[in-house]
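Q: What follows is the residue order along each chain.
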Amino acid sequence: MSTTRTAWSTASRGAPSRFDVIAFVLVLGLLAFFAAASKGVMAPISSLDVTPVSLDPWRLPYLVARSTLRMLAALSLSLLFTFTYATWAAKSPRAGRILIPVLDVLQSIPILTFLSVTLVFFMSLAPGRVLGAEIAAVFVIFTSQAWNMAFSFYQSLRTVPNELTEAARSFRLSSWSRFWRLEVPFGMPPLVWNMMMSMSGGWFFVVASEAISVGPTTVTLPGIGAYIDLAIRQKDLHAVSYAILAMLCVILIYDQLLFRPLVAWSDRFRFDSEPGAPVPSSWVLDALAGSRLIARALRRLRGFGRMLGAAVRVAPGSMSSDAAAANAENLDRIATGTVACLLGLAVWQAARFLAPDLGLHDLLSTLGLGAITAVRVFALIALASLVWVPVGIYVGLRPKVARVVQPVAQFLAAFPNNLLFPFAVAAIVAFKLNANIWLSPLMILGTQWYILFNVVAGASAMPGEMRHVSNNFHVKGWLWWRKIALPAVMPFYVTGAITASGGSWNAAIVAEVASWGDEHLAATGLGSYIANATTDGDFHRIVLGTVTMCFYVLLINRLLWRPLYYYAERKFRLS
Amino acid sequence: MNANYKINADTQPLLDVVHARKSFIKGDGGELLVLDDVNLTVRPGEIVGLLGRSGSGKSTLLRLIAGLSKPSGGAVNYLGSPVTGPAEGISMVFQSFALFPWLTVYENVALGLEAMRLPRDEIRRRSLAAIDLIGLDGFESAYPRELSGGMRQRVGFARALVVHPNILLMDEPFSALDVLTAETLRTDFLELWSDGRMPIKGVILVTHNIEEAVQMCDRILVFATNPGRIVSDIQVAIPRPRDRNDPAFAELVEQIYVEMTAKKGRATARVSQTSGSGIDMILPRVSSNILAGLLETVAAPPFSGRADLPEIASELTLEIDELFPAAETLQMLRFAELEGGDIHLLPEGIAFADAEVDERKRLFARHLLAYVPLAAHIRRILDERRTHAAPSSRFLDELEDHMSPEVAEDTLRALVSWARYAEIFAYDDETGQFSLENPT
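Top to bottom, those sequences are chains A and B. Residue 112 in the numbering used here sits at position 73 of the first sequence, with consecutive numbering throughout. Residue 446 in the numbering used here sits at position 413 of the second sequence, with consecutive numbering throughout.
Only part of the chain B face toward chain A is listed, based on derived beta-carbon distances under 8 Å: (1) 99; (2) 121; (3) 125; (4) 129; (5) 135; (6) 144; (7) 145; (8) 148; (9) 196.
These are computed hints drawn from the structure, not numbers from a lab. Backbone N, C-alpha and C define an ideal beta-carbon position, used for all residues, glycine too.
Work out the full structure, taking the sequences as your base and the hints as a guide.
A: Set out below in structure tokens:
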């Protein structure tokens with residue numbers, strides 16, 4: 040896959056607007072609300088009684104299946120969210136003005152915070168407690184997948200070629216069939232690509248969410264994450280290896296059974312109508328397409344779709360009359376009023392929740408911790424770039440090598456690297472290394488691959504003529520790197536670095552604290568601050584830490600990555 | 034004229050556009066008029082051409098008729114009742130084909146019928162008939178990306194015809210095709226039309242190609258810009274099939290050229306009234322290469338300083354969309370005069386054509402500063418400032434008081450490219466700064 044996208048690169052462009060601030064406050068207010076609610080219902084719930092997971096490797100297939108199910112459930116939810124939220128944001132410009140910044144903020148919230156503040160809430164909702172925990176886990180995975188999918192689809196909806204929309208309207212397709220026959224197909228290729236990216240992130244959080252303690256509430260859900268948690272507590276490196284092996288198999292199977300077919304299928308929706316590009320293929324898709332049973336099932340499905348379409352039939356794209364316009368304006372006014380009320384409520388709620396227990400001192404100290412984590416992230420990105428950019432360019436310019444390296448790099452990015460943490464932590468414990476330094480590389484263990492495979496993609500996309508020109512003029516050495524290679528991969532590199540940076544902030548919560556048996560390691564930073572607050576069940580500190588991290592991520596995105604992205608896009612994009 | 038219909042004043046018009054206006058709200062709340070007081074009647078059996086260059090509102094009018102947008106004033110009546118949305122019986126062929134790349138030829142054609150919720154058998158029968166009619170037999174299962182441009186547009190035609198529309202709207206349907214393919218498609222279309230084999234009663238064709246309009250239409254409505262409006266209504270009485278080498282054909286083409294340049298003269302005067310002749314003059318984006326090339330060609334034999342615009346157009350293979358702005362820019366810069374469908378060079382224009390590169394640049398710079406107020410304005414500000422630099426936003430803001438942001442941007446871009454050629458000031462796109470860094 041040579042197209043590379045990041046989640047927010049598709050977000051609205053430009054300087055922060057007041058809507059960003061509104062969105063920020065709204066989302067955080069909501070978080071504070073959940074945290075407060077959780078706090079209230081925490082008392083009656085004692086430790087959860089769950090079947091203990093044993094380290095028998097033969098139980099792994101079952102555990103992996105459970106994890107996979109959670110993953111699929113979350114993916115379906117994410118799709119549902121994408122089709123509704125993104126569509127709403129794209130169809131109603133006024134709604135979009137607030138919905139899109141909200142999405143931007145949601146995206147910068149560390150995923151595990153969603154778990155810590157909603158876990159108890161979800162568990163109190165469901166009658167069976169395990170079910171509640173399951174819902175919470177699925178919700179966490181959902182939060183790790185949904186945002187960038189929604190962004191991608193929103194972007195697609197906004198860029199449907201005008202003439203296609205006009206064609207659909209002039210042939211009087213209802214808005215329902217316009218959605219399914221024009222807009223969804225048009226948005227499909229980037230959406231599938233973003234689903235793949237989401238899955239990569241998702242595995243990480245499946246592992247992280249299956250064994251977690253929020254204060255006195257401990258949840259152990261049968262799954263590969265719980266297995267590895269037990270292996271860590273029992274210091275069993277063999278078990279860790281089994282888990283890794285099982286994960287490898289799952290990801291391979293997922294790729295072959297789900298994503299290859301999806302990518303091959305979505306290729307027909309590519310809009311650029313140029314022939315010649317290699318067509319992705321999948322044996323599974325070929326098999327399915329050849330099956331008569333499937334064909335019959337699809338016909339049924341289509342018939343059902345038509346029925347559904349008839350049921351929700353909307354007037355075929357008629358022009359909004361003045362009355363309807365006035366109506367919409369009124370609705371918008373009501374919506375704006377509601378947003379204002381919610382905003383006030385959110386501020387009040389957050390202030391009430393945070394103010395009594397936390398002072399200026401706490402705020403300053405979390406800001407300081409955030410700075411430490413920021414330094415870590417930047418240092419690691421710089422280090423990884425130093426290594427992977429030259430390697431990526433070298434590989435990308437050699438198609439044969441690239442064909443081997445590219446899927447491996449994508450695979451490594453998809454692999455939940457927290458499965459590998461035990462090895463590193465065991466080594467740090469054994470050699471008595473400084474946790475502040477040596478825990479840091481874990482943050483980038485999984486995310487560095489984004490840099491590699493984006494740079495490889497960039498270098499392979501470099502036109503042959505450009506290479507011939509540099510040969511022709513004998514441009515070599517440092518001059519070649521400076522004037523040709525680095526500019527050519529720049530937009531791709533920035534895309535990769537953005538993804539890596541976002542992932543690393545998220546990983547900080549898991550990577551800055553680690554344990555091996557009874558040994559607990561912690562690096563000073565915002566990640567460990569949030570992680571510890573979660574373990575202690577201290578919701579004030581969870582919210583404060585989250586707000587701070589959100590603030591840092593948004594600030595860095597707005598002030599550094601986003602301008603850099605547009606600069607690279609404008610200046611170096613070939614085409 | 035379609036064989037099935039006779040001209041009959043009593044026939045109810047298919048379409049009646051009365052005093053239609055269309056305007057858009059500008060960023061500052063002002064109104065931008067793109068279509069002013071347009072009246073148009075289409076009777077059964079007629080092909081009506083809307084001829085004009087880009088920005089004359091002809092595509093906007095087509096979209097009003099298609100029910101894709103709503104007039105700001107006046108009315109569009111189809112078979113006597115107002116058009117309030119995409120109407121059954123009006124279908125459209127698009128410039129960029131607008132095929133759905135994920136549907137096969139057959140599925141693309143069938144789409145309109147599916148939206149009408151017809152029984153499956155009928156959809157199949159009619160789709161195959163339309164595919165057959167338009168010469169796409171054997172391509173039913175092909176995807177658009179596998180087809181050439183000409184074949185893709187045939188799908189566009191089949192898709193529009195399959196719903197049995199009364200009126201077929203065509204938005205520059207041949208302009209994205211190469212010359213040969215376009216000609217074949219036009220001839221095929223006219224043949225089907227003359228034989229009455231298509232289920233349509235009337236056609237509206239938007240085009241900026243004068244010869245295409247003369248070849249295809251029974252009536253040509255010529256549009257002028259700023260705001261878009263109809264300036265003349267020309268009957269084409271040449272019998273079909275029409276031959277481009279027929280003297281009557283060439284004469285009519287010539288006449289329309291005269292019409293368009295003459296009208297343009299008045300239109301310019303009118304623009305001057307509405308949008309001023311100061312810094313708020315709208316500048317077309319014409320490359321200095323085209324300007325120089327046009328001057329050279331007109332100066333050289335066989336034209337030797339005076340040329341017929343149709344001849345120049347075919348000599349340089351320029352569409353009127355490119356030729357007119359170039360010719361008018363030369364007129365604005367006082368290098369040439371336009372009248373009666375001719376362009377003739379002024380002494381300065383001949384001097385330019387004879388000069389070497391540096392002399393040309395000096396000449397161009399002098400005329401640019403003398404006759405384009407915006408150029409002089411920017412230069413003066415740069416001279417006055419101690420830093421000799423100014424941001425483009427400053428001038429864009431000024432321009433946007435008089436025109437839409439897009440037009441302002443285009444005007445400034447046009448000026449930047451001429452100023453770079455003339456070396457009267459420099460512009461850095463990265464920083465958006467004008468400066469005197471590399472002045473002459």
